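Q: Here is what each chain is made of, one letter per residue.
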Amino acid sequence: MNGEGSPASRAPGRSLELGGVAYGSRLILGTGKYATPALMEESLEASGTEIVTVAVRRIDLSSGGRGSLLDSPGLSRYTILPNTAGCYSAEEAVRTALLARELGLSSLLKLEVIGDPRTLFPDVEGLLQATRVLVKEGFTVLPYTSDDLVIAKKLRDAGAAAIMPLGAPIGSGLGIQNRNHLRLLLQEIRDIPVIVDAGVGTASDAAIAMELGCDGVLMNTGVAGAKNPVQMARAMRMAVQAGRLAFEAGRVPRKLYASASSPEEMMIE
Amino acid sequence: MKVFVNGEQRQCPDRTTIAALLRALELPEGRIAVERNREVVPRSRHSDTELAEGDRLELVRFVGGG
Chain A
13 MNGEGSPASR
23 APGRSLELGG
33 VAYGSRLILG
43 TGKYATPALM
53 EESLEASGTE
63 IVTVAVRRID
73 LSSGGRGSLL
83 DSPGLSRYTI
93 LPNTAGCYSA
103 EEAVRTALLA
113 RELGLSSLLK
123 LEVIGDPRTL
133 FPDVEGLLQA
143 TRVLVKEGFT
153 VLPYTSDDLV
163 IAKKLRDAGA
173 AAIMPLGAPI
183 GSGLGIQNRN
193 HLRLLLQEIR
203 DIPVIVDAGV
213 GTASDAAIAM
223 ELGCDGVLMN
233 TGVAGAKNPV
243 QMARAMRMAV
253 QAGRLAFEAG
263 RVPRKLYASA
273 SSPEEMMIE
Chain B
27 MKVFVNGEQR
37 QCPDRTTIAA
47 LLRALELPEG
57 RIAVERNREV
67 VPRSRHSDTE
77 LAEGDRLELV
87 RFVGGG
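In the order they appear, the protein sequences are chains A and B.
Take 13 as the starting number for the first sequence in the working numbering and just add one per residue.
Take 27 as the starting number for the second sequence in the working numbering and just add one per residue.
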C-alpha cells in the first residue's frame, strides 16, 4: 500500500484484471444511448470490448416486460457490469446493487452515487459508505469517483477492486481534464487497476488516458453519440491499444530544445 | 387487497404469491428482479412468498446504460 514496486495490473503486457478475471481488452463500453440494438451490437463488436455496462430500471408494466437489454442475443458473450447510475444516496445504490446481483448472478458492480444533477459529479461520502457495505456483501466494487487521490485511497482501503476516476463530466466529451491528478492517482494507487470512467470524447482522449498508464478506459457517449458509432468504436479500440503500447514502450523525455536526429558531423563543405 | 407495483396501486387476491403476480402481469420471470418492501426476494422464493396488504414491490430489469 506504500506506492512502491510494480503493480501486477500495471506491469507491461499484463491484461486488465477485475475480480480475479483477466480481460484481453482494456476498453469497457456502455450500452446506453444507441439508436437501435443492432447498432449497439455492431459497435460493441467493433470496439473489441469484453465488458459492457448496463443500468437497472423499473419494468414498464404496460410493455409486458419485453425489451430487456439482455434479450439481445449478441450480448451473451460479454461480461455484464451493472451500474447504480442515477442513485443519489448510498442506500439507494446498495438496493440497486442487490437487485443487479439478483438479475445478473454476478458480483461485479460499477458503483455510482451521484451528488449533483448538472455535473453528475460523485458524492464521494456516499460512495465510500456504499463501498464499505457492498464489499462486505461480497461485491467486486468498481467505484466511479472524482480524480481525487485522497478519496481514491479511502476507496482502495475500503476494499474497492478498482478506482474509476472521471476524466471529465459524464457525457461531456471534454477529454482528460486533469492529467496531473491522474498521474498522481497512478503513482499512488498501484495495487488495483485505475480505469478512466467518463469524459472521453474522441480517440485521442482514450489514447492519452492509456499513455499516462491507466489500466483501462470506460466510455459510453463517446461511441454511442458519434455520428458513426461503429467507426468510432473501432477508433477507440485502436486508440486504447496504441496508448497502452506507447505507455509500455516508454516515451522519450520532453525537452525544451531540439535534438538532431541526423548526424551533425561529416557534413559536406 | 391492494399492493404497490413500481409505484402503481394494484388490486390482487389475498395471499397472492410473487410468482402469481408476475404471471398475472404477464411478465417473464427469468429476466426480472423483485424487491419487496426494500428487500430483494430471490427468484427461488417467488413461488412461496405471499404478498400482504400495502406491500411495496419494485420489479426491475437491465436496460442500456453507461
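One or more of the hints may lead you astray.
Claimed, not checked - Covered by chain B, according to a simulated footprint, are these stretches of chain A (three or more residues, beta-carbon under 8 Å): (1) 40-47; (2) 65-74; (3) 258-271.
Rather than coming from a laboratory, the hints here were simulated on the basis of the structure.
As the structure is a computational prediction, the values presented were derived from the model and not from experiment.
The beta-carbon is built from N, C-alpha and C at its ideal position, and this holds for glycine as well.
Q: Identify every previously stated hint that the structure contradicts and give their numbers, smallest first.
A: 3
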